[in-house]
Structures are given as C-alpha cells and as structure tokens.
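Asker: Order-wise, the sequence lines are chains P and H. The first sequence lines up with residues 2 to 455 when you count with the numbering used here. The second sequence lines up with residues 51 to 459 when you count with the numbering used here.
Where hints are given, some of them may not hold.
Unchecked claim - Restricting the straight-line Cα-Cα distance to at most 25 Å, the calculated cross-link-like pairs of lysine to any residue (SDA-like) are:
#  : chain 1 : residue 1 : chain 2 : residue 2
1  : P       : 297       : H       : 350
2  : H       : 440       : H       : 281
3  : H       : 89        : P       : 54
4  : P       : 42        : H       : 221
5  : H       : 295       : H       : 358
6  : P       : 305       : H       : 313
7  : H       : 89        : P       : 273
8  : H       : 89        : P       : 399
9  : H       : 348       : P       : 122
10 : H       : 95        : H       : 138
11 : H       : 358       : H       : 221
12 : H       : 295       : P       : 305
13 : H       : 246       : H       : 351
14 : H       : 393       : P       : 104
15 : P       : 139       : P       : 149
16 : H       : 197       : P       : 97
17 : P       : 42        : H       : 310
18 : P       : 297       : H       : 170
19 : P       : 297       : H       : 124
20 : H       : 95        : P       : 225
21 : H       : 89        : P       : 120
22 : P       : 42        : H       : 313
23 : H       : 98        : H       : 156
24 : H       : 222       : P       : 139
25 : H       : 393       : P       : 44
26 : H       : 89        : P       : 228
Since the hints were derived computationally from the structure, they do not count as laboratory data.
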Amino acid sequence: MSPREAARRRWARVAWIYGLLLTFGVFFVGPFLMGFLASLKPDPLEWPFTLRFAQVSPKNWAAAWRLGRAGSGDPWLGGMRPGREVVLEVAYFWPEDTPPPLEAAVPRRRPGAGMGAVFETPYAADHVRLLGPELVEKAPARLGEKEGYAYRFRLRVVYPGEGPFLERVPLDLEAPRGALYLGATLDPTRFERRGRVASWDNVVPGFVGYVFHNYVRAFREARSLETGESLFLRWTLNSFFLAAVKVITTLVFASMAGYALARLRFPGRQALFLFMLFSMMVPGQVTFISNYLVLKDGIFGLSKLFGVETLLNTYTGLILSGLVGAGAVFIMRQFFESIPREVEEAALIDGATPWQTLFRIVLPMSTPALGAVAILTFQGTWNEFFWPFVVLTSPREIYTLPLGLLSFRNAYGQVGDWGLILAGGFFSMVPVLVLFAVFQRYFVEGVSVGALKE
Amino acid sequence: MKKAFLALLVLLGLASAQTQVRISGWGGTDIAIVSGLLKEVVQPKLDKEGIRVVYEPIEGDYTQWLFNALSAGTAPDLFYVDVFWSESLFATGRVAPLDPYFSKGEIAEFLPNLIQAFTYKGKLYGIPKDFNTLALQYNTDLFDEAKVAYPNQQDTWETFEAKLRQIQAKLKDVAGLCVVPDFARFGAFAFATGWKPFDEKGRTVLDQNFRRAFEWYTGLVKRGAARVAQDLGEGWTGGCLGSEKAATALEGAWIAGFLRDKAPNLPYRTTFLPLDPVTKKRGNFIFTVSWSLNAASKNKEAAVKVLKALTSPEAQQWVLERGLAIPSRKALANNPYFQRPGKEPELNRVVFQGSLGQGGYVYPFKFLSYGGDWMRPINEALQAVMTGQKGVDQALKEAQAALDRLMRK
C-alpha cells in the first residue's frame, strides 16, 4: 500500500466516524433543541418552524427587562404595582399624510382553559389607565414600491392610586387596513385579524416572564383550588421527596441484601438469588393488579392497626411497594463479589462481625456501585409513571411530576394550548440532565458494574 | 379537661354522622368547574344534611378507569357517563336506574332530548349535567373584507356554499370552511336529509338521502368552497378558524375557550347550521354527559341528594354564568345570560337552541353499543373520497359492506 493510499484510507475512516457521530448527534439532540425552542414560543405548533422569533431576539430581552423594572421594580418576573408607569412605542407604515387612526385598549382577558379559567384574578383593565397613542415622530419612508410615512406612536400605561399587584397587563392595538406594522419596543405576542391587531399578552413581562413565558405560566396558572398554592411546584417537590426516600431505602436494602447474597452462607441462597432474578423478568403490568389490591386493603389489613383504611393515594403505599428493586440488589451483589475476599478475612481476624464488615469495610469500598445505584434509582423514580399513576389518583396535590404533566395534557391539550405542556415536560427533564452531567462517570459504571468480573 | 374530652366526643360524633359521597369525572377543564361548583353551590347546601362530597377527578383514560373500577368494586357513588359509550355501560347493570328517585315532574324539567339520550330500555340511567350541539361560527372580518353577506339561519347548503366560494375566490389565502373527514361533523348534514343512523330493525342503510349529503360534503373542496383541515396544518375546524385559515367553523361551545386563548380579538359570530335545500330542515348532534348512580353504592339516598344538588337550577346557573358549560334544564332557555351582548353568549345560545325545535333532526352522539366501530367505515369513506382515492359509489359500497359485517356480529 502506498503512503498515499494509506492516507486516503485514514481520511476515509475519519470521515466515516465523524459523519456517523454527527448524524447521531443531530438525530438525538435535534428534537431536544427543537422542543426547547418551541417551548419558548407563544404558539409552539407554529408551522413552518422558524428559528427567528420574538423570544430569542436580544432587543426584546432588553425591552422586557426594562418594562418589567418600570412596572414593578422586578426586572425578572415583571408585573405592575400602583403608582408606576410604563411606556411602549410602536411604529407603523402608512401611505397617507395624516397619521393612521389607532385604537388601543387594555382588554379584560382570562385564560380559556385549565384552572386559570376558574380563578378570579384582578383584571388590569379595572386598574390601569392607558394614555395615547400619541404621535411622536413622522418621517417619509419607502416600503418596497410604496411611498409613505413611518409614524411612531407612544403609549403610556399608568397605574394610579392604590390597588392590587397585577401579574400581567395585556394590550391590544388595532390599526386600520393598509397600515403596516414596522416595529415596537417589545414585539407583540401575536398578530390577529390579518395583521391589523397587534396583541401583547403582557406589556410588563420582565426578562424571565417574556422569554420563559410558558414556564412561568406552568407555575402560576396551575394552582390548587383548596389552598391556591402552585400545583406544579408541589408536584416537583413531591417527585424530589419520593426520589430521595427511594434512593435511601434502595441503598440500605440493596447493599444489605446484596452482601448477604454475595458472602453469607445460608440454605436456599442460590434459590433466593434465582428467584430474585426471575422477579426481574416479570413486567410490572403483570403484577400491578394484585399489588393494587394489596395496597387497597392496606397490606392484608395491617395498616388498619395504624388507623389507615387503605394505602391507595398515600406515599406510604407507594414507598412500601417499591422499597428496593431486584436490579439494584443484583448490581450490589455483583460488585461485592468483585471485592477481594482477603479484605474481609482480615476484618474477620480483627474480630469484626458481619455487620461491622459490611458497614465499616465493604461499603466504604463500594462508592462507585452505591453511586451508580443511587443515580439509577433517582432517575427511575423521577421518571416513573405507570405505578404512581395507578396508586395516586386524588387529590391532585399528591401527584408526582409525570402525573401532573398528564393532567396538563388533559387540561390544556384539548384546547390546543401546548406551550404549557411542552414547558412542563422540558422542566421535568432538567434534574435528570443535571444529574447526568454531574455524575456521568457513575452512569457508565452503573452499566459496567453488573458485568464486572475479577 | 373533662370539657375538652366532651368537646372531642361531640366532634367525633359529628364526624361519624357525616355521610361521605364519592363522585368522579374526567380531569382536564372539568376539575376546575366541578371543584368550584362543589365549593360555592353544592357543599354549602349539603352541609345541613350532614353529607360530605369527596371529588376524585380521573386523569388519563376515564372510560377504561370507570369500567375497571366498577368491576373491582372501587367505583365512586356518582360518576360521569358520556352518551357515546353509555349504552354499553348501562347494559352491564352496574348503573342504577334513577326512576325511583326522581318524580315525573322533576325529570320533565330537563330537556327531553337529553333525557331520551340517557334512557335505555325504558329506564332513565343518568341526569344530563350539560350538553353541546354543533353550530356555525364565522369570522366577520373575513366576510367584511371579501364583501360577502354573513351566513344566517335561512341559508341552505347551496346559498351557504356560494358564500364560501366567494370568500375563497376573493381572499386567495383563506378557505371558506375547512372540512374534516369525521362523522361527528358530517353526520349533522346527513341527518338534515331525514336519514336515520338506524332503521326500525336497528340496521344502518346508507340510502339516497345519505348519499346526497355525502356528495355535497365531500365535494366542497373540489367546488372551491373549502379545504381539508389537514392540508392547512390543522386537526379540527376550530383550529382553522382560530388561525384565520378558514372563514367558518362547525363546532360546539367548546370552541370558546380555545379562541379565548388562541385568538382573543377574533371577531366571530355564530348561527345555526345551514338547511338542507330539499327538506328545508337542519340536523344536529347532541354531545352530552350525565351524572349516573353506582348500582353498588352503599348510600344511594345521600348520593341522589348530591346528584340533585349538582344538577339543581342554582348549580346550572352558576356554570352558565361563567360560560363554562351549557345547562340541561329547560327553564334556563330564557336565562338573561343568553341575551347578553358579545360573541360567547351568542355562541352558547345558538348551541343551546340547537337541541330544540330550531335544531331540526337531532340525534345524540351515540350509536347503540357499537361506539366508534360504527363510525369508522363512514369516516374512511369520507377520507377516501375527499383525498380522491375512491369515487363516491365505491366508497359508499365499501362502507355499507363494512357496516353490514359489523351488525351481523
């Protein structure tokens, strides 16, 4: 083979590898990125999909920040407080010499779906006054073939006197047919009526309120009817709580069971191990009805001793039914097998009991396996849908995040309001992503630990 | 100390004297409505009677959940029944007939069409909580811009189609109507011809009347009056109206919530569906849901009290005034809410009246116990003809054959 040929082959290999990597990268990360971008849009179903929309323009970021600060002093989440004033400027192209008649209004607007449709929040229309539009500038302009003028108007929203804090101040601006929108301090949320009405959902959004509009809505709009607290926040905390408890119980029981199976000699050890392996093969869908009935009766009536009629709709039931998974025991056992016996024999000679050996000697050596089990358990619990869905039905305050997202789908999906659902879904992914980024090493080990042999 | 003990005893006594009634429905928007209704109207009334209502909304597949819970014996005392699958549920005998608990007079206060929809083999199995029918919504902006007269209740299919054609011809980028290959919309037109989904023997015959409606509906696209919703990137006619891709839509009152979010400034109005030019009648569906009583309920008396409170005039007034749903009581036809100015009261009024005399031939949205299987052949025929894969003759022949096979089973 000539050196030329060798070089050619090498480059061909490089091209193949990078080509494949790139393809996979686009294939896996692409939808992810599109999902994220769509979750920022006011209309996530927008078709054709555009990459340039108002929420990603730095001009609007700055404007949203400024308007939020002017409205309430909070540049992040915005809103409007009494005694404040915000100014918005809008420019239109209009072919005639006299300015176009504009009609501006702060509409009374409430959400059409979900809990927002029932809660009565103060309407901005009852509290703020709209001044303008007043003409501030007129300049000759050309738009394509058409000669005309660019008119710049100023709108002032004033909140006089006393009153409640307003989370949002919507604004509608209607222009006559033939007037063309050129630009505004803050780009409108949407155009309606064939471009004649520019409509802002909130003229005091603040930076986060503008760019992450759907995320803020997820937290604000879904509230408990009983207490008024944010349901989405509640669900997130619930998921964290359950995941944390399950990680702890799994670590404790999986390490003890794994150690017993790996090291202790007792009759039926092998059979027990095989039985455990077998239980891993049975899908949850097969056993869930019997598990459900067991929880319904409070584990054969045992819970009645504690004055609890049923374990359905309780975390106790959910936690007890998933204290430890066979998979976790398996990983721990395999790892313990790989630890040299000599270490434990040394401990034995020093007079350590099996408990001491496990907790003082073996466990401190097993951090990789413990880490892997902890992370896999956390991720599994965080994403778990089916079993919590069966056990937890009401009230909505006890839902975990995946169940909450389902209820979002039911509440908002039927009216085509996908922004909230997409934002919620994306948000629920964040903890797992962070976990993965920080503990990547353990993820990989978690997969390989089970296969490890001396 | 003794006093505290006594107080505790009294409290305990009170707590045990309370009867619990569990009620369930599907989740989504209904959670907000039912919770509000319970809190503000129903529970205050029932407190005096010592009844406590526990509301358990179900997320996910409600039908599946209900059938499972009824077999497992965990079903609540009262639950929603959608008319669409009502007959297959009533046939199981797990729902208690309500005739012993309601007098003739009480039942007569509800719209007879709705009561009929929940009557199975001569017995009443549910009290309708609300309902919907189809109406025609149109975007006045687009009609003004094209200088076309608004649709009105004298319109026949022909005059209505002429208006749509003008819209589509004058505003190039707007469809007159966007059509969906779905019996849930097309059926209203088929009914207008006098066609019945089931004849006396319980069989479905796709006769000449059906064919006339079928040809008109599927031909709208070819004649330049409509476009297929999927071609416009929308899944339903309301989506097309909301995004101003079509000038009209055929939907029920559920479109109001959607438009409130999606297009709050859209100036739309509502009128009745157009008339069949031959029979001079219209047709319509009734989509409705009832509160029904569990036959295995341990406290039926209390549950019926809750049921009566949930469908009481005050409760329905509360729901109507918030524009959340359309009530099922006759007396509310003259409610001042319907006369209020604005697009939503008008929509609700037309939808309400769609179930009355103005509605013409009105049938509940149910197909004996066949459910969705019955609609499938017709939907497939609609789809095939609209996309030009098959001719009308062939599509209808195949649909008839599929229906015959289904009914022979």
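Asker: The structure should be examined with respect to each hint, and the outcome stated for every one.
Answerer: Tested hints:
1. P:297 with H:350: holds, 23 Å
2. H:440 with H:281: holds, 18 Å
3. H:89 with P:54: It is violated: about 43 Å lies between the C-alpha atoms, which goes past 25 Å.
4. P:42 with H:221: violated, 28 Å
5. H:295 with H:358: violated, 44 Å
6. P:305 with H:313: violated, 54 Å
7. H:89 with P:273: Violated. Residue 89 of chain H to residue 273 of chain P sits at ~54 Å, over the 25 Å cutoff.
8. H:89 with P:399: Cα-Cα ~20 Å, so holds.
9. H:348 with P:122: Between residue 348 of chain H and residue 122 of chain P the Cα gap is close to 40 Å, so the pair fails against 25 Å, i.e. violated.
10. H:95 with H:138: violated, 34 Å
11. H:358 with H:221: violated, 52 Å
12. H:295 with P:305: Roughly 61 Å separates the two Cα atoms, so the pair is violated.
13. H:246 with H:351: Cα-Cα ~39 Å, so violated.
14. H:393 with P:104: OK: residue 393 of chain H and residue 104 of chain P at ~20 Å, within 25 Å.
15. P:139 with P:149: holds, 10 Å
16. H:197 with P:97: Given pair residue 197 of chain H, residue 97 of chain P holds - Cα atoms ~24 Å apart, limit 25 Å.
17. P:42 with H:310: holds, 18 Å
18. P:297 with H:170: Outside the cut-off at roughly 33 Å; violated.
19. P:297 with H:124: holds, 9 Å
20. H:95 with P:225: Roughly 23 Å separates the two Cα atoms, so the pair holds.
21. H:89 with P:120: Status holds; Cα separation ~13 Å.
22. P:42 with H:313: holds, 15 Å
23. H:98 with H:156: holds, 22 Å
24. H:222 with P:139: violated, 33 Å
25. H:393 with P:44: Holds - the C-alpha atoms of residue 44 of chain P and residue 393 of chain H are around 23 Å apart, at most 25 Å.
26. H:89 with P:228: Between residue 89 of chain H and residue 228 of chain P the Cα gap is close to 12 Å, so the pair holds against 25 Å.
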